[in-house]
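Student: Okay, here's what each chain looks like letter by letter:
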Amino acid sequence: MATRAQRRSQKAQQKSEEQGYVSRSQGQMIWQAFRRHRVGNVGTIIVLLFIVGALFAQFIGPYDYSRQFRTHPYAPPSKVHWRAEDGSLSRPYVYGTKRTINEFYQANYEEDTSKKFYIRFFVSGGAKYRLLGLIPSTTHLFAAVAEDGTRTEFFLFGSDRLGRDLFTRCMVGSWVSLAVGPLVILISFPLGIVLGGVSGYYGGGVDMFIQRICEVFLAIPGLPILMAMGAALRGFGLSAILVFFGVIAALAIISWGGLARIIRGQVLAIREMDFVTAARAAGANDLRIILRHITPNITSYLVVNATLTIPGMMLTEAALSFLGYGIQEPMTSWGQLLNVATNVSSIELHPWILIPGAFIVVSVLAFNFMGDAVRDAVDPYSII
Amino acid sequence: MKNALILAGLLVLTSLAVFGQGYPTQPADALIFPIGEAGTVYEDMQLGVRGGTITVANIEDPKGWNNHTAHETSTTHFTNRMHRGLVNLDHISGAIVPDFAKGWEISDDGLVITFSLREGIKWSDGEPITADDVLFTYNDVILNEDVDTNARDSQLLPDGTYPLCEKVDDYTVTFTMSVIYRPALNALSFNIMPKHKLADSVHKLNPAVPAGTFNETWTLDTPLSELVGNGPWIVSDYQPNVSVTMTRNPYYYGYDPSGTQLPYYDTYVSAIVTNQDVSMLKFRNGETDVYLLRPEDIAILLPEGASKGFQILITDQPGYGTTWFMPNQDIGLAEGTDNEKRELYRNVKFREALAHTIDKETMIQNVLNGLGGPQWSPVSVPSPFYAGRDFYGGPITENNAITFEYDPAKAAGILDELGVIDADGDGWRDLPSGDPLTIEINSNDNTVRIGYCLILQDDWRAIGLNATFQVVDFNTLVNRLFGASGDVIQLGLTGGDEPNSGANVYRSCGSLHAYRYSACDEPDEIDARIDELLALGAGTFDLDEAFDYYTEYQQLISAQLGYINMVVRSFQYAYYDYVGNAFKSSPISTPGGNNGLLMELCFDNRL
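Heads up: the sequence lines are chains W and V, in that order. In terms of my numbering, the first sequence opens at residue 163 and continues consecutively. In terms of my numbering, the second sequence opens at residue 57 and continues consecutively.
Note that these hints are calculated values from the structure, not bench results. Hints may be right or wrong, so weigh each one.
[Unchecked claim] With a Cα cut of at most 25 Å, we get these calculated SDA-like pairs of lysine to any residue:
no., chain 1, residue 1, chain 2, residue 2
1, W, Lys290, V, Asp480
2, V, Lys119, V, Thr232
3, V, Lys640, V, Leu87
4, V, Lys640, V, Ala94
5, W, Lys290, W, Phe304
6, V, Lys338, W, Lys241
7, V, Lys466, W, Ser228
8, V, Lys338, W, Ser508
9, V, Lys158, V, Val168
10, V, Lys260, V, Asn200
11, W, Lys241, V, Gln421
12, V, Lys338, W, Val502
[What the hints assert, rightly or not] With beta-carbon atoms standing in for the labels, derived distance ranges:
no., chain 1, residue 1, chain 2, residue 2, range
13, W, Val524, V, Cys565, 35 to 41 Å
14, V, Asn502, W, Arg197, 20 to 26 Å
15, V, Gly490, W, Leu516, 22 to 28 Å
16, V, Thr459, W, Phe231, 24 to 30 Å
17, V, Asn502, W, Phe218, 33 to 39 Å
[Said to hold, decoys possible] Per the computed footprint, the stretches of chain V lying under chain W, defined by three or more beta-carbons under 8 Å from a beta-carbon of chain W, are:
no., segment
18, 352-360
19, 420-432
A quick note: this is a predicted structure, and the numbers were derived from the prediction, not measured. Where is the CB? At the ideal position from N, CA and C, for every residue including glycine.
Starting from the given sequences, assemble the full structure and let the hints guide the process.
Tutor: Dropping the structure here:
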């Protein structure tokens, strides 16, 4: 039994719909616009999948990322069989493989068809890890297990030269690759917003001073500086994780300048608007004007900038690790996984080592599509 | 333009023919390579015909053309073809053989070496080569403090003096030494430089030029026509980033038994490429004729060999050099920290445990694609003094090998005995006192080394040693090595035939005795014996006697486990079938960086 008020509001909505009017909040309108951007939706879903994949990387990957299957270097992706010997459909299974070297020094992995290892899901008894860093577990998403409980190597994407599972390494590598964008934003955005905002709001000498600093940082050539930083940090003998954070700090330091410039321009325009003058006339102090009146007007720009910065940073990290100046073994990232693909012979003989490249391409595209959708959605001047 | 160039080339060729450059007849003192002669290492080689061009690829541009001031192989690769020394290492056997010297005599007291030079031999510009050129090179270039050369250090005798080089007559020189030092003979393979061309740029001889002028002589700006040598080839054309072309020296003194002057090829072209991949692709496309391949290339090139007409020479014998890791036995010594860890590292039983954790087979299979071998001695396997042989220069039997098999269980057992057990139950072994034991392995950014280290780290963690692996910058690594400030360092050293070339590493006071610098102040019995054996081995001209000293030396070093040896790559070489005599390529590069081929004996067998 609906209340009177509800009935009234329903009625009002019905009435306005009949007249062609719908009343929506700003949030609803953004959501509506965002929903309409089909490609952006797909991108968002893919991004979410990547994030879930990264969070549960050790659960999804069947092995420890540094586990070496020494008898299986450069093993190709395991062949999954769907049909039994008589041709009938079967539960998917793989065979164990054995490496042989032919007269051309080429490795061949021959299947041992005497025993079937069925692909089972949610199998316990694998490598130990902590789910989300908290819950100790040995359960993995899948494993190849025979009827008698024995297991075999199951490489969804093949293995690298030391026999490490490429699929697991792709999943674990996503930690670095996905984290690098948000971490850089965490440093560069506060810097850019505060310095750009102050510069635009107060103007004069302050503006002059900050803008010159900005120009200095904009003039720094990106990649060479990052490579030098990476080399220098390693020169101090810092651990891999510190080098990683050092690289992130370097990325942030060279990327805040552009942001500060644009923020300054926007603040400069907004502070002359009537509503700012009105607020000032009403006696609001600078802090209140900046936080309550100016910042909301640049939020949409910041959101868009953030979604587009992430893929850029992912690519920079990939380039850096690819060149050997980013993440160091045994930790990994997608770019670092691609590092072995600098060698013609390796690509020709073991094409599956290029798979991490697909992760980079797909995730960067997904982030860009998502960014497009967000931009269209938050743009107050677009026609809905 | 192209036509003009060809025309110019033709003119040069005809002028050569008209003026008849070169020796009218084979000089009496020519160096004859006994090709096809039974009982020599040249037995199975063939007599060739002159003509044609051989093309190889190099990664870097030369930095100049001055052999003695060059510090990089990209330069010496070419200068070593322009110049030859008194003696040389035989391409295949590794023995010291006459080159520009016809032969030598050693005085009874072993202190004076007398070289008789080849008479009637000329520089590439037609000037005669005499003892004055040898004296100029030795006294005014190599021993001249004003000249920035790497060659001086290798001339140093154990007592800190240099051999005294004197002229007896135009074709006889003597080197007088203060102590008997057999390896001095190797050092006398230094390349001879033309005095008539270069004397004026040496400040000592020509005070008109400022000090250091010689270091700026024969640079890339020097007109190529100024370059003069006594080697088989002279640089005739250089296109930066494209190629270096060398043309035969009409006055080279090497001949084959049938009286044909060497080299067989008219020109030698070295294409300059950006990296190894390009080098490989160029060979694969037939743009270069020979290629020194990497382990990862073999599986690609080998299947194509038959259809494309090239061969790959695969030796299962490891090449020169050593690869090792070292627990720093002086760790924390300067600061007085890590006392217990240092004691542990100094315990040879602990190092034996580590030696049992090296999965050499996996390192060879997975990192070197099966193209390598285990290594146990500080002396390179191809050396005639390698203790894996039964006598000097004998076949490799490994009868005297000191080895530690891969056996993690045994290693774990030794650690248990030493009291290195997991005291606190955190899954990692602790020091005998119960303090945690962490080990950091360092290496530089090199794919092969990273592979070795990751395998090693994995094995150490498997037996409960809490090992981390950290790639550091090469300079940092070297600083840690020299400064005794590292923990466990993985690196490699180059090697040669003469064990005494490793004296700076293995002598207790050696500058690279990095696993325990403190041994210089407090050598134990074994350190003292090692020092003694190095001196004994170098102090005799009897090779068999030296071999016995060096065998004991190698066994002591290997059991001492200062540098704990790992694996060494073997030597592979690819060449097209039409390159005659290329099958004799070997890791002994004569002298320095000949790409494994004795290029002057190769010929185009399609001609």
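Student: Against this structure, judge whether each hint is valid.
Tutor: Results for each hint:
no.: 1; hint: Lys290(W) with Asp480(V); result: holds (20 Å)
no.: 2; hint: Lys119(V) with Thr232(V); result: violated (34 Å)
no.: 3; hint: Lys640(V) with Leu87(V); result: holds (19 Å)
no.: 4; hint: Lys640(V) with Ala94(V); result: holds (15 Å)
no.: 5; hint: Lys290(W) with Phe304(W); result: holds (14 Å)
no.: 6; hint: Lys338(V) with Lys241(W); result: violated (35 Å)
no.: 7; hint: Lys466(V) with Ser228(W); result: holds (24 Å)
no.: 8; hint: Lys338(V) with Ser508(W); result: holds (17 Å)
no.: 9; hint: Lys158(V) with Val168(V); result: holds (17 Å)
no.: 10; hint: Lys260(V) with Asn200(V); result: holds (8 Å)
no.: 11; hint: Lys241(W) with Gln421(V); result: holds (24 Å)
no.: 12; hint: Lys338(V) with Val502(W); result: holds (21 Å)
no.: 13; hint: Val524(W) with Cys565(V): 35 to 41 Å; result: violated (60 Å)
no.: 14; hint: Asn502(V) with Arg197(W): 20 to 26 Å; result: violated (52 Å)
no.: 15; hint: Gly490(V) with Leu516(W): 22 to 28 Å; result: violated (49 Å)
no.: 16; hint: Thr459(V) with Phe231(W): 24 to 30 Å; result: holds (26 Å)
no.: 17; hint: Asn502(V) with Phe218(W): 33 to 39 Å; result: holds (35 Å)
no.: 18; hint: 352-360; result: holds (count 7)
no.: 19; hint: 420-432; result: holds (count 6)
Of the hints listed earlier, those the structure fails to meet are numbers 2, 6, 13, 14 and 15, in rising order.
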